[in-house]
Amino acid sequence: MSSEVATFFSPGDFLAILPEMVIAGMACIILMVDLVVPRSKRWVVPALSVLSVAAAAWFSWSLAGSGVSAFSGMFVLDGYAAFFKLIFYIVAVFAVLVSLRYIKTEEIDLGEYYVLMLFSLSGMMIMASGSDLLTIYLGLELASLPVYALVGFLQTSRKSNEAAMKYVILGAFSSAILLYGISLIYGLTGTTQLAAISAALETGAVSGPLFTLAVIMLVAGFGFKVAGFPFHMWAPDAYEGAPTPITAFMAAGPKAAAFAVIMRVFLEGLFPAYDNWQMAIAAVAVGSMVVGNITAIMQTSIKRMLAFSSVGHAGYALLGLVAGSEEGIASVMFYLLVYAFMNLGIFGIIIMMRRDSQSGDQISHYAGLAKSNRLTAFAMLVFLFSLAGIPPTAGFVAKFYVFMALIHKGMIGLAVIAALMSAVAAYYYIRIVMLMYMREPEKEFLLASSRGLLCVLIIALAAVVALGVYPAYFINLARYAAFPL
Amino acid sequence: MSGHLLSSIIFLPVLGALVILFIKDARAIRWVALVTLAVDFALAIPLMRGFDVSTHSMQFVERHEWIPSWNITYYLGVDGISVLFVFLTAFLGIICVLASWKAIEKKVKEFMIALLIMQAAMLGVFSALDMFLFYLFWEAMLIPMYLIIGVWGGPNRVYSAIKFFLYTLAGSILMLVGMIALYFAAGKTFDMLVLMEYKYTFTFQVWVFMAFFVAFAVKVPMFPFHTWLPDAHVEAPTAGSIILAGVLLKMGTYGFLRFCLTMFPDASRFFATPIVIISIVAIIYGAFLALAQKDLKKLIAYSSISHMGFITMGIFLFNKNGIEGAILQMFNHGITTSALFLCIGLIYERTHTRHIGDYGWAASRVPVYATFLFIFTLASLGFPGTNGFIGELLIAFGAYEVYKPYLILLLIGIVGGAAYMLYMYKSMAFGADSHGHGGHGHGGSHDDSHGGHKVWDVDFREAVALIALVVFVFWVGFHPEDFLSYMHESVGNLINQANASKFEGLGL
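Sequences listed follow chains C and U, in order. With the working numbering applied, the first sequence corresponds to residues 1 to 485, in that order. With the working numbering applied, the second sequence corresponds to residues 1001 to 1508, in that order.
No lab work stands behind these hints: they were computed from the structure. Just so it is clear, the structure is predicted and the values come from calculations on it, not from any experiment. Beta carbons are placed, not taken as given, at the ideal position from N, Cα and C, and that holds for glycine. Among the hints, erroneous ones may be present.
[Said to hold, decoys possible] Derived coverage of chain C by chain U (criterion: at least 3 residues anywhere in the stretch with Cβ under 8 Å from a Cβ of chain U; other residues may be distant):
1. 383-395
2. 400-406
3. 417-428
4. 472-483
[As the list claims (entries may be wrong)] Quick look at which bits of chain U chain C covers, simulated, 3 or more residues with Cβ under 8 Å:
5. 1066-1075
6. 1143-1152
7. 1158-1164
[As the list claims (entries may be wrong)] Only pairs whose alpha carbons sit at most 30 Å apart, straight line, appear in this in silico DSS-like list of lysine-lysine:
8. U:K1426 / U:K1298
9. U:K1107 / C:K443
10. C:K443 / U:K1109
11. U:K1298 / U:K1102
All chains should be built: construct the whole structure from the sequences, respecting the hints.
This is the structure:
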């Protein structure tokens, strides 16, 4: 091992992290640009942010599938990472677009807003490519820290501050647990590299209560990051308190990154111990589906409701990991892609509802929306049915894929629980449809629409329908991308 | 034979919906919807005429690659069973538009779009030969139907719509799990014809049968899964009730025929006796409930539960008469019950009441209407010469072949059916309220109005719809072979599949 230290860096390694460097570097540059740009030309900041994401995407595209392993195997460029980066880029660009007008309305129009988002994005990208527990941890913190700040970005709102506080403390707590788990793994196997951990486990020498403890700590640490039961308690407060575009961002971006990591760690690093962790993950998955969906029914705030529903969705996605097959991985990847579109779409509409007079985050605010804003209500209807998993939307195909992976492994019981829980979930989703279409509006709707927002909504809507009717291309992509694991 | 006839029939309504999206004028929207569905029905005629009755194989087959990594194809085709329901659905589509012509005043555009999308999904269910495609259409129907009940329904519409949605979703989502289990058991295919050929073990059959059974039983709806139906019917607008009774309920029984009998024959025979007994309970219980109703729509809704009992019974008798009777009765129930709901809708538009006692004057005030109602009443109770008679007779034959005492129980149901239908007709046409004396709070209405509402007889638009339905009542009644001939071969094949198995001694 020590001989590797001498060759730790090579110029080629930096080529591999070019997209990450572009994002992080541009974030620094934008921070300075923001200082010199006059108030009237503030659009430069978001425009540069979008451009840097586009540039990173272009570099990723040209590096995609090269299978390069850099920094002595701490960082890999495989199809798996590329697929997740695709999700992150979409989420980041959409999040910038939906923020444009929102942060002006809320009077938080600061350049740091976009810069923090970019830093978080670079962290997510490192997470997706990390193949060493330390790289992964580094990425995780880099992705999380800016989001803590973003959650509390509404400085004048007590809710926002409180949410950020809770999120930081619980996030730090979970990081500590995760680090403890990582150090235990290191102690047991003598390495933090996933491939080497796997090799060490294969020999069968590593087992016993200490290893079980390490696995539990990893499950708990990652469980926090994906907001899985019983580690989900931060999610409703953070979702509710955060500025809505940030809620959309964190629900789709860092969460997908956490899934990227959790799957890589458990399926690449800890796969020989599949029997040890399978039950633990299954328990988290079932708990998340049951608790998330049932608690969501009782919410009156739409952001809290979506927070609990996302706990439920994390449960579905974890089922793909429980299946532990290539099909399972691909199903989770497809699920997360679809979830990103649905989520950005629905939060886009919540942002639209944000007016000076009303925040639009109460479910009752949606009463009668179909009367005054037909198209918005229709888009909302499609996103809600997609979240509920009703065909012909993408949400259905995603759920179908997870069920397939489970049933193929013979886990019918889990599939039945998941199926019943999606019927429960349908209840609170269609309740909003009911309000929009079957109730009279409380007052007139004036939607805070903007070009960026409309653009996001149209793309998300098209994606949700297209991936529902003709998912073949992205299923193949996910299958191909899942192959390296 | 044209290569894309089935696809055209399924997707023409979607095209119509797209056109309507860009029209503002309510009148024009109604006409576009009507013309679309009329053309759609016109396309169903070459389908019926071009259908080769001498074979049980699937016809008008279309197959294209769709999701190759899961071996899912866009695969359509009809046999002698499904072709009848494609035809029935296309026909009832026109009736639905005519029934909503005046009844739907608000959000005409949205209503017609929902109706057309609904139509496409229903036609798709009967034509799909790939199970994934089948499920897609099956579930996609929930959205427009939920909106039709919830937006344009009666005062308690929201509760009914949510109840309808959750009941049917909870039922069918288990089917999805069963479907995927089938997919892997049969070697990763959703091709329904291949799935039918595959031999599953008995335990597997029992589990998957139960998953499918719940989905179909909720849709039929069989006792005790029926409680959503009266709520949905009472609150739905007329067109919604017509779709529900005419087509949607048929999907459950179609599912039994298409999936349960052919794919899990052993499990089907294992469960046959309990299912026949539940069906008989539904027949008699439904009839008694119908008899107790004061609300017209509720009465017809409970009568549907009773009639669907006949059908599920016929299916699980496993003989030619029983199954052919059941299929014919599915068709008949689609015609007759739709007609009755249409009649109720017409009178409701005029008087805004559905209380049976409020209509004692029908025979004297609106004689043409009363005549139509009389024909459909007779058809519903299975009077000789009408369509209902043939279907019930065939099922009775089938029951006799299997176990003679069934026949007696069946007859109780038939007599019960006669009782509530005649009671309904008597109260409506020749009731105490006739000529305004002794009425239920509507006394003194010697003029044209009743209870403050102007009452007029059937107009031209309504007459067209009613006459079209009457044609089928007598056509099936006097010449059932025109319809039965479609199913002979397919039912023969179905029975062969249902009787073939690796397991002996588990039958009825």
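Practice task
Closer than 8 Å, Cβ to Cβ, for at least three residues: run that test on the segment 472-483 of chain C against chain U and report holds or violated.
Solution key: Three-residue rule met by the segment 472-483 of chain C, so holds; n is 4.
Handout entry: Given hint K1109 (chain U) paired with K443 (chain C) - CA-CA distance at most 30 Å
Key = Cα-Cα ~24 Å, so holds.
Exercise for the section: For the pair we were handed, K1107 (chain U) and K443 (chain C), check the Cα-Cα distance against 30 Å. Expected result: holds, 20 Å
Handout entry: Per-stretch coverage check for the segment 1143-1152 of chain U, three Cβ contacts closer than 8 Å to chain C
Key = holds (count 5)
Practice task
Starting from K1298 (chain U), check that the Cα of K1102 (chain U) is at most 30 Å away, please.
Solution key: holds, 22 Å
Problem - Per-stretch coverage check for the segment 1158-1164 of chain U, three Cβ contacts closer than 8 Å to chain C - result: holds (count 3)
Practice task
Examine the segment 400-406 of chain C: at least three residues should have C-beta closer than 8 Å to a C-beta of chain U.
Solution key: Satisfied; 3 residues make the cut.
Handout entry: Coverage assertion for the segment 383-395 of chain C with respect to chain U, Cβ distance below 8 Å, three residues required
Key = It holds: at least three residues are needed, and the segment 383-395 of chain C offers 4 whose Cβ sits within less than 8 Å of chain U.
Handout entry: Given coverage of the segment 417-428 of chain C by chain U, checked by CB-CB distance under 8 Å (3 or more)
Key = holds (count 6)
Problem - Hinted pair K1426 (chain U) and K1298 (chain U), Cα distance within 30 Å - result: holds, 17 Å
Handout entry: chain C covers the segment 1066-1075 of chain U, three or more CB atoms within 8 Å, holds or violated
Key = As far as the segment 1066-1075 of chain U goes, the hint holds, because 5 residues have Cβ atoms under 8 Å from chain C.
In this structure, every one of the numbered hints holds.
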